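*Asks:* Residue numbers (this note's numbering), protein chains in the order written: chain Y, 26 to 834; chain H, 6 to 490.
The set of hints was computed from the structure by calculation and includes no laboratory data.
Any given hint could be a false lead.
Said to hold, decoys possible - Under the rule of at most 30 angstroms between Cα atoms (straight-line distance), these lysine-lysine pairs were calculated in the DSS-like manner: (1) K112(H) with K810(Y); (2) K389(H) with K275(Y); (3) K200(H) with K526(Y); (4) K378(Y) with K112(H); (5) K481(H) with K96(H); (6) K425(H) with K96(H); (7) K762(Y) with K200(H); (8) K72(Y) with K96(H); (9) K112(H) with K96(H); (10) K481(H) with K72(Y); (11) K240(H) with K762(Y); (12) K378(Y) with K526(Y); (13) K723(Y) with K275(Y); (14) K389(H) with K810(Y); (15) K56(H) with K810(Y); (16) K378(Y) with K289(Y); (17) K444(H) with K481(H); (18) K200(H) with K228(H); (19) K810(Y) with K243(H); (20) K481(H) with K68(Y); (21) K378(Y) with K402(Y); (22) K762(Y) with K250(H); (23) K378(Y) with K240(H); (24) K200(H) with K389(H).
What the hints assert, rightly or not - Non-contacting residues of chain H with respect to chain Y, defined by C-beta distances greater than 12 angstroms in every case (computed): (25) R84; (26) V90; (27) D211; (28) K425.
Every value quoted in this text rests on a predicted model; they were computed, and no experiment measured them.
All C-beta atoms in this analysis are idealised placements derived from N, C-alpha and C, irrespective of residue type, glycine included.
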Amino acid sequence: MPSSTLATALGCFLGCWLFGCTAYAVPNAPLDFTHEIVPLLRKHCAKCHTGARKQGGFSFDTRRSLIQGGESGVAVQAGDSSNSPLVERITAQDPDLQMPPEGPRLTDAEVGLIRRWIDSGLPWDDGFAFAKSNYEAPLRPREVELPAARLGRDHPIDRLVDAHPNQPAPRSGISDREFARRVSLDLTGLLPTPEQLREFLKNPPQTRRQQLIDDLLNNSIAYADHWLTFWNDLLRNDYTGTGFITGGRKQITSWLHASLVANKPYDAMVRELISPTPDSEGFIQGIRWRGEVSASQTNEVQFAQSISQALLGINLKCASCHDSFIDRWKLQDAYGLAAIYADAPLPIFRCDKPTGEVAQPSWLFPELGQVDPQAPKPERLRQLANLLTHPQNGRLSRSIVNRLWHRLMGLGLVHPVDALNTEPRDSNLLDYLAWDFSQHGYDLKHTLRLIASSATYQQQIPAESSPDGENWQDLSPIPRRMTAEQFVDAVWQLTGSHPAKADAVVARRTVSGGAGPKTPARWIWTTDQKQAASPGGETATFEVTFNLPVVPEDSAVALTCDNDYVLIVNGRRVAADGNWETVEVVSLADSLRAGDNTLRVVAKNGGEGPNPAGLLLVGRIRIPDRPTITLATGPDWRWTRQIPDGEGTFPAEPKDWLPAIALAEPTVWSSRIGDGPSQLLEDALDPHRARVRAALVKSDELMRALGRPNRDQIVTSRPTQFTTLEALELANGDALKAMLEAGAQRLANRFAERPAELVDLLYTFGTSHPPSDQTREAALRFLGKTPQASDVEDLLWSLVLQPEFLHVR
Amino acid sequence: MSHSDCPETAVPGRNEQQARRLFLQQLSAASVAAWGGAAPRLLTAQDGLDKAPQATADSCIVLWMAGGMAAPETFDPKRYHPFEVGTPVEKVMSTFRSIDTAVDNIKICEGLEEIGQVLDRGTLIRSHVLPDLGSILHSRHQYHWHTGYVPPQTVAAPHIGAWMSRVLGPRNPVIPAFINIGQRLEGIGENEEIKAFTQAGFFGSDHGPMNLPFPEEAARAVKPPRGMDPMRFSKREKLYKELLKRTDASEFRQDSLLRSLENAHRLLGSADREAFDISREPQESFDRYNTGRFGQGCLLARRLVEAGARYVEVTTEYIPFVHWDTHANGHETVDRLHHEIDRPIATLIRDLESRGLLDRTLVVLASEFSRDMIIEGVPGSSAKDQATAPTDVLRELKHYGMHRHFTGASCVLMFGGGIKRGFLYGETAPERPCIAIQKPISVRDLHATIFTAMGISPATSFEVERRPFYATEDGKGQAARELFA
């Protein structure tokens, strides 16, 4: 056993937790690399083993070079201090061997820290290096010749990965089920439904994966809904936030979503962002705060910072205050870019003090051309848009393909993804992807398809690795947490608890040329109104009854009434409205039951004198493996003058039931309503089209806890770790509780006598695998023969917090 | 077991076990933090400027007078003039009489008698100077005060509570390091502006605030969810663990999840969580604090500090035009606010002292700016007049009070945590404009003082997006040494 106390403590503490001992030991404080190790190495070792100085060929500028060792061989064995010569050297008494050779020795405490550091696998902070490299990222694109295929792996990405130095042997591929879950979450942000899984597994094995990738990418609404999160983060677009209160900020949501639905080429998107229409101008406008802001945060300078960070992976934030200390960008560069956006001559400020100079509009890479400083602003922006999307601007493509790789594989080829000036982990692969992307018309879906179809993407994810950013050489995918939006969407999928309305103003209906489905419903009333219109104030109760074999999986109605209605389903008032020009979609998920169901609408005509009156309702009830049941107002409905009470009960059973009259001339409404109800209903029942997605609603306490950022700044990385506050929110927060509670009630109704089916469904849906026998057994023991809603809720909670649920893997 | 001990031909299952063990070994929190990352990195300055000072406090409580507390109506009384119809407004400097306090040379406004009696335990600063920022806005000034940076910023600046959480961590692992009491974040107007600084910024959500807008409901935040009794809660936890055990390949990256859930459950199941439950306070003591939400917040803060909280903020709550945001009818509003804050704050100080906690607990009372009856900003400011009942002569009671945002000087109280007792720092002009004329202290230097007391160097910096970001602006905050005992 290594002497590591950390491993023991961690193991013990996990053990305690798993097996429920009550006295908890406080876990050992985690090792803080920068706080504890860096100063120590600086103090004792840096003089001879960093930067240009590599005594004995040994340098620990980076974790990689540390592990490589020097002339006398390997210096450290990650995870094993007792077999690490470095420890021998720092503890040696022999003056010829001891390190450091002169100066004070390491104290016992310091040696202990080094041992702990080695034993815990040499944690190293992302991007940290004792000596900075002089790497300068290339500008122009580069066509990469593909290396020969090895081991029959012919996919371009696999050929490049297989040729990558130090790349470990490929891991085994994932199963079809694992693939379906990973790729669905990656491309559309949704769990594959059990039906989708079944269909997928029925397809021919040779083509099913490619087919699924295509199907997912072709589901343009689900794709757009999911990727909206990525783009909102990148372009700091949101539905609420600082600046909106005073009109100092403008959304680009509708433009962005529509661009994604249409799969607009990326170069076209960039041109529209930089040389914008009113719908897309919000990005370059930035956020205008009331009052004075520092010179480095004027809207012009924000413009320079945002486009360089988001589109080029260049950080101009240093250079917008003074010449950068960390890269080649100068104050002049930042202000030149800013001046392109300026309406008036832009004075240059250094550290918030005027320099007396005025910025000359210019962009960062004059080797590709330059904007005309004399041209008016819209023309300058147009020229900048063309320069950014210049075929020779490889940075634009490299930056975006790197971000896509990051999303699908967990770690950018250049990492962090906003710092494209960092040496790529594999420049051939990066350059190939960027070249290929531009050769395919800047088609984002093309690159996603390319990555997802590689064996590299489709391999198992190593559980034993602990990547450390740019020093991490392995190009295999690493495990990823679900984003806040993916998690909430997945919970909504399991529970049907999605909200009724989106906050984002987006068009989520794919226009299909011709008219939508014709409504089977007819406008009905108590009398045909060809001769005499309904008297003002006339009130009647319309009713339909039907039998359901089981509690349906999904159901909704869309309805409207001239003028007023109250909808009562099985004695529960579920909706009411008084505006005939709006159609409401109402879920019946909590109202329908197995057996007889009664749907009543108390309808009232408005006005003083006689005027047209009518009721229109269309509904759909879905039961797995059975044809969908359609409800539609028509002559099979009946009506009475009796009015039920609030719970839908009549004082006495009406004796005056009459069949409803389907109105002959509903033209008075159809011009306004048309097929609205059917269309709305299609939306309401189509999980990919109309279910509100988490990306489309404002952030809330739950999503904030799960790491959805405030989009006041560009934030392109989501948290990779879970946090205590987040766990608290998940363990006892109201938001998750409410979703699970509502969903559990429905599921308990639906699976009242069939707990085994419920467990299988939840696991298959949640993890894409049926539960193992032991899991099923444990869950069933918990649920009992007739599951209570509260037990179903707790099972749901226990499932959605399982590591295998919360990760994309 | 080391690598070299591991035979190539291990029996099935053993490899997996081993991989798992190795995996756990390697997953120290530090390596996980680095993974995938944009996690900011602590920088070490070459010249040792950021060497941590010796802490004089372990915990910090900020009592936030949200909305702009008028100094002349609270802790810096000027010439009093009663309300009389027809009085020219320039004659009124304070609308409250001044009273004696436990400290000979300090007078404060009537209505604050109890605080006056504990002033001998702390320091009163009258010369806290805020910038005008062109347009004096609560949202920007509160952002500035809470992060040390004027918005907007190129990266999300962390709240000072997040700095303490990041640099010092929790005092008691069960109690979140940064607790924010009394501020709703939804439905109160300017929500987004409040959220912009009520966060950990680039430090990431673990250092963000635990928000407890209603002290009476704080206990709920650490109890099983609504409608779940303890029995069911523990049954659920048991089921979770059982499923975890039975799931294939469940070792998969569960460490930070499990550790976090473990912490959450530890809090939810620990005796310490009683600290959140102010209904457990003895009635007499509860009543002494209970002047409303703020008073209850002070009680909650005391209980949390006793249990080991690191940073607690209690606010009177910012709502535009409500509480300290007196754009009209200032006198009556402040009269009510005196009542709301006076006894709870004095009780908090006394309780901390009698429990032996005041020496190591720094209590700071502050506000984003002061107010004046006439002057918006400071003389010469171009800021627009924001009084909603402007007048030259008092006609109605609603004219009587401080209705303009004044940035020339505001008051700060500091108690305990190594700060001098019975001390007065700074001075303002006796006549309008009542700007600081002695020892002006900026947000940057006040923060430097607070950080220094907590053992954090004002020059502490983290690397974010490859640039340094400092605890105080440019790392240049200077603690006011004179304030320390």
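*Asks:* The structure should be examined with respect to each hint, and the outcome stated for every one.
*Replies:* Consistency of the hints with the structure:
For the proposed pair K112(H) and K810(Y), the alpha carbon gap of about 74 angstroms is over 30 angstroms, so the pair is violated. Pair hint K389(H) plus K275(Y) holds up; C-alpha atoms about 25 angstroms apart against a cutoff of 30 angstroms. A hinted pair counts as satisfied when its Cα atoms are at most 30 angstroms apart, and K200(H) with K526(Y) qualifies at roughly 23 angstroms. Of the supplied pair hints, the one linking K378(Y) and K112(H) is violated, its CA atoms being roughly 41 angstroms apart against a limit of 30 angstroms.
At most 30 angstroms may separate the alpha-carbon atoms for a hinted pair to count; K481(H) and K96(H) exceed this at roughly 41 angstroms. Restraint check for K425(H) and K96(H): not satisfied, since their Cα atoms lie roughly 35 angstroms apart, outside the 30 angstroms limit. Of the supplied pair hints, the one linking K762(Y) and K200(H) holds, its CA atoms being roughly 23 angstroms apart against a limit of 30 angstroms. At roughly 70 angstroms between alpha-carbon atoms, K72(Y) and K96(H) are farther apart than 30 angstroms, so this suggested pair is violated.
Between the alpha carbons of K112(H) and K96(H) the distance comes to roughly 20 angstroms, so the proposed pair stays at or under 30 angstroms and holds. A threshold of 30 angstroms between alpha carbons decides the hint, and for K481(H) with K72(Y) the separation of about 29 angstroms falls inside it, so the pair holds. Of the pairs offered as hints, the one joining K240(H) and K762(Y) holds, with about 16 angstroms between alpha carbons and a cut-off of 30 angstroms not exceeded. This hinted pair does not check out: K378(Y) and K526(Y) have alpha carbons roughly 48 angstroms apart, beyond 30 angstroms.
For the given pair, K723(Y) sits about 15 angstroms from K275(Y) by alpha-carbon distance, which is consistent with the 30 angstroms threshold. Restraint check for K389(H) and K810(Y): the C-alpha separation of about 70 angstroms exceeds 30 angstroms, so the hint is violated. Between the alpha carbons of K56(H) and K810(Y) the distance comes to roughly 64 angstroms, so the proposed pair goes past 30 angstroms and is violated. Restraint check for K378(Y) and K289(Y): the C-alpha separation of about 42 angstroms exceeds 30 angstroms, so the hint is violated.
Distance hint between K444(H) and K481(H) is fulfilled; the C-alpha atoms sit about 17 angstroms from each other, no more than 30 angstroms. Proximity of K200(H) to K228(H) is assessed by CA-CA distance (about 25 angstroms); at most 30 angstroms being required, the pair is judged to hold. Taken as a hint, the K810(Y) and K243(H) pair is honoured in the structure, with Cα atoms around 19 angstroms apart against an allowance of 30 angstroms. Pair hint K481(H) plus K68(Y) holds up; C-alpha atoms about 25 angstroms apart against a cutoff of 30 angstroms.
A C-alpha spacing of about 25 angstroms is found between K378(Y) and K402(Y), which places the hinted pair at or below 30 angstroms, so the restraint holds. About 24 angstroms separates the Cα atoms of K762(Y) and K250(H), which keeps this hinted pair within 30 angstroms; it holds. The suggested pairing of K378(Y) with K240(H) is violated, with an alpha-carbon distance near 63 angstroms, which exceeds 30 angstroms. Taking the CA atoms of K200(H) and K389(H), the gap is near 25 angstroms; set against the 30 angstroms cutoff, the hint holds.
Interface exclusion of R84(H) from chain Y stands, the closest Cβ pair being 32 angstroms apart, more than 12 angstroms. Every beta carbon of chain Y lies more than 12 angstroms from that of V90(H), the smallest distance being close to 36 angstroms; the non-interface claim holds. A Cβ of chain Y approaches the Cβ of D211(H) within 12 angstroms, the least distance being about 3 angstroms, so the stated non-interface status is violated. No beta-carbon of chain Y comes within 12 angstroms of the beta-carbon of K425(H); the shortest separation is about 32 angstroms.
The structure shown violates the earlier hints numbered 1, 4, 5, 6, 8, 12, 14, 15, 16, 23, 27.
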